[in-house]
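Chemist: Listed here are the chains, written in short residue letters.
Number of protein chains: 2
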Amino acid sequence: LVGRAVQRAVHKHELPEGVFSLLFGSGREVGQALVADPRIKAVGFTGSRAGGTALMKTAQNRPEPIPVYAEMSSINPVFLLPEALKARGAALGEAFIGSLTMGAGQFCTNPGLVIAIEGPELDAFVAAAGETIKGAAAQTMLTPGIFEAYESGVSGFSASDKATEVARGQRGEGPNQCQAGLFTARAADFLADEALQAEIFGSTSLVVKCADLDEVKRVAEHLEGQLTATLQMDDADVDVARQLLPILERRAGRVMANGWPTGVEVCDAMVHGGPYPATSDSRTTSVGTAAIHRFLRPVCYQSLPQALLPEALRDGNPASVSRLVDGKREA
Amino acid sequence: LVGRAVQRAVHKHELPEGVFSLLFGSGREVGQALVADPRIKAVGFTGSRAGGTALMKTAQNRPEPIPVYAEMSSINPVFLLPEALKARGAALGEAFIGSLTMGAGQFCTNPGLVIAIEGPELDAFVAAAGETIKGAAAQTMLTPGIFEAYESGVSGFSASDKATEVARGQRGEGPNQCQAGLFTARAADFLADEALQAEIFGSTSLVVKCADLDEVKRVAEHLEGQLTATLQMDDADVDVARQLLPILERRAGRVMANGWPTGVEVCDAMVHGGPYPATSDSRTTSVGTAAIHRFLRPVCYQSLPQALLPEALRDGNPASVSRLVDGKREA
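Note that the protein sequences, when read in sequence, are chains A and B.
Quick note: the first sequence uses my numbering, first residue 10, plus one each step.
Quick note: the second sequence uses my numbering, first residue 10, plus one each step.
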């Protein structure tokens with residue numbers, strides 16, 4: 010239905026035929042056939058880690074390997090630093106649930122992990138978040154497959170003796186409805202148990218309680234690649250933040266302070282990417298003006314006659330592009 | 010020996026320890042162990058296609074796959090267009106052998122293939138090139154392995170009933186000396202026989218004789234990815250060049266006119282890369298100032314306090330870098 014609407018818009022605005030295409034298929038058959046076709050020269054993908062790595066393998070095993078830009082998995086850790094937690098723990102708890110439940114938690118930048126030092130301030134944060142999540146309405150997820158994966162992930166948390174349930178959101182009545190969830194775990198258990206570290210795609214998050222700052226750092230160092238890492242911090246937290254930053258900027262494509270990772274501005278400076286497995290290729294962004302670089306490769310035209318050069322490269326700069334000439338930017 | 014000299018220069022100029030490292034090993038053991046080590050995050054490599062693809066596989070099979078920039082194989086086709094061939098065939102023949110024999114043919118950009126329409130003008134080119142190559146001195150190659158691969162490649166040409174020997178250079182007297190070679194083949198045979206299309210790393214080149222311009226185009230379309238593609242052309246060849254250009258710019262990282270592919274200027278605009286198998290990753294250059302991008306990934310710092318930002322990103326631009334602000338370049 011959406012595909013047909015886009016197709017109509019393409020015709021109405023006289024955009025070239027083929028600017029939008031849509032192929033439906035269940036499982037990986039259609040995707041793998043496309044990636045294996047020699048006419049395809051690069052791939053962009055958003056989906057599960059298993060699906061993305063399968064496409065990466067297909068692309069690498071072609072006679073001519075091609076780039077795959079797969080956005081696969083991210084739990085987007087949020088670090089609550091001590092002074093911020095003390096000053097505004099309850100408010101942070103409410104805002105956190107707002108970010109967690111947006112779009113049934115189906116944002117790649119959904120905050121799936123909160124990390125902080127244990128104590129009464131963190132208890133206040135968890136209590137406020139728990140109260141808020143109880144009021145969170147159930148929301149329909151995109152596909153039955155996504156819903157089933159979500160349910161299975163949450164069941165794993167419920168069944169684990171290492172994770173403690175704080176609260177659940179409202180139960181859904183229709184099919185494929187995501188019931189929000191909030192759990193806590195001790196940092197030592199989190200570090201020891203890979204099941205607690207896996208992404209649950211949907212509105213469920215885990216609060217990791219650390220004994221001290223050293224344990225916060227150990228958790229940060231233990232994390233896989235992420236799209237985002239967030240610091241909730243006040244001025245007095247700058248020194249603590251400075252200790253975490255070298256760890257976080259090696260693990261995420263976007264490091265932010267005092268916001269929530271969901272919700273991005275699509276602009277020139279944006280980065281929507283991150284180290285593996287957040288994406289298969291951390292050298293690029295999948296959104297924003299710089300995203301086009303994923304599908305380009307440089308070509309040098311050496312000593313070609315003006316008549317054969319692309320307009321943007323001709324003498325006198327007829328296309329008025331911003332250019333480097335002998336390493337200096339043209340005015 | 011060279012490694013020790015570089016090491017001394019590093020100390021003398023007080024460069025950081027570790028800025029230069031050298032590990033020796035035969036076979037692929039050392040290379041594969043390095044690529045498999047989780048502390049390694051990206052790989053640059055120059056060598057054979059078999060070696061490069063082995064490293065690509067190792068890198069992809071790591072728990073955390075990493076980028077591999079392998080420069081592997083290129084035969085750098087040179088196209089002699091009709092008017093240029095008519096006006097200066099003999100001079101082109103001599104200059105060609107100069108490029109072919111430079112450094113015992115051990116440049117990644119060595120012209121291993123010449124493509125032109127058959128006729129008396131091409132015969133004159135081949136005759137001049139043949140005379141010149143006879144005087145070419147034998148030169149010692151870098152390693153016994155490279156020499157053996159060269160000898161085996163040339164033997165394949167000699168044994169083939171599809172390739173005709175024009176002339177050989179002087180025979181060497183010392184070990185591992187490369188004897189230059191020039192062969193011709195008909196385009197139809199070249200297209201049908203993969204052995205004729207393989208790279209011979211060293212001073213041997215093949216002239217492919219085409220029946221007409223359509224056959225020149227078919228040969229161009231049939232080529233694998235290359236570092237360079239060269240047009241020898243006069244003003245009256247512009248229309249022919251315009252027909253070839255869309256094919257060549259899809260197959261090479263550097264398209265040049267009226268030069269020889271060996272010899273590059275290391276500058277901001279240079280591209281030393283090309284479609285697979287010239288390199289494993291055509292999105293980058295391995296030489297020139299842009300080469301550093303191969304080892305970078307973008308990180309977005311969103312709303313971070315000034316004190317935590319890298320100097321280059323702080324308000325007032327204290328590091329005086331050329332920056333985009335809201336999509337406009339700062340003066």
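Note that these hints are calculated values from the structure, not bench results.
Incorrect hints may have been included.
Pairs count within a copy or across copies, as identical chains cannot be separated in the list.
Stated by the list, open to error - Here are the simulated lysine-lysine pairs, DSS-like style, with alpha carbons at most 25 Å apart:
id : residue 1 : residue 2
1  : K143      : K171
2  : K171      : K50
3  : K226      : K21
4  : K171      : K21
5  : K95       : K21
6  : K226      : K95
7  : K66       : K143
Chemist: Using 25 Å as the alpha-carbon threshold, which applies to K66 and K143: within, between, both, or neither?
Modeler: neither (42 Å within a copy, 49 Å between copies)
Chemist: Go through the copies and call it for K171 and K21: within, between, both or neither, with a Cα cutoff of 25 Å.
Modeler: neither (56 Å within a copy, 56 Å between copies)
Chemist: Under a CA distance limit of 25 Å, which applies to K226 and K21: within one copy, between copies, both, or neither?
Modeler: neither (54 Å within a copy, 38 Å between copies)
Chemist: When Cα atoms must be at most 25 Å apart, do K95 and K21 count as within-copy, between-copy, both, or neither?
Modeler: neither (56 Å within a copy, 53 Å between copies)
Chemist: First find the shortest C-alpha distance between K171 and K50 inside one copy, then the shortest across copies, and answer within, between, both or neither for a cut-off of 25 Å.
Modeler: Result: close neither inside a copy nor across copies, 46 Å intra and 33 Å inter.
Chemist: Evaluate K226 and K95 at a C-alpha cut-off of 25 Å and name the case that applies: within, between, both or neither.
Modeler: Only inside one copy: K226 and K95 sit 20 Å apart there, 72 Å across copies, limit 25 Å.
Chemist: Within, between, both or neither: how does the pair K143, K171 come out at a Cα-Cα threshold of 25 Å?
Modeler: For K143 and K171, only the intra-copy Cα distance (22 Å) is at most 25 Å; the inter-copy one is 79 Å.
When each numbered hint is compared with the structure, violations occur for hints 2, 3, 4, 5 and 7.
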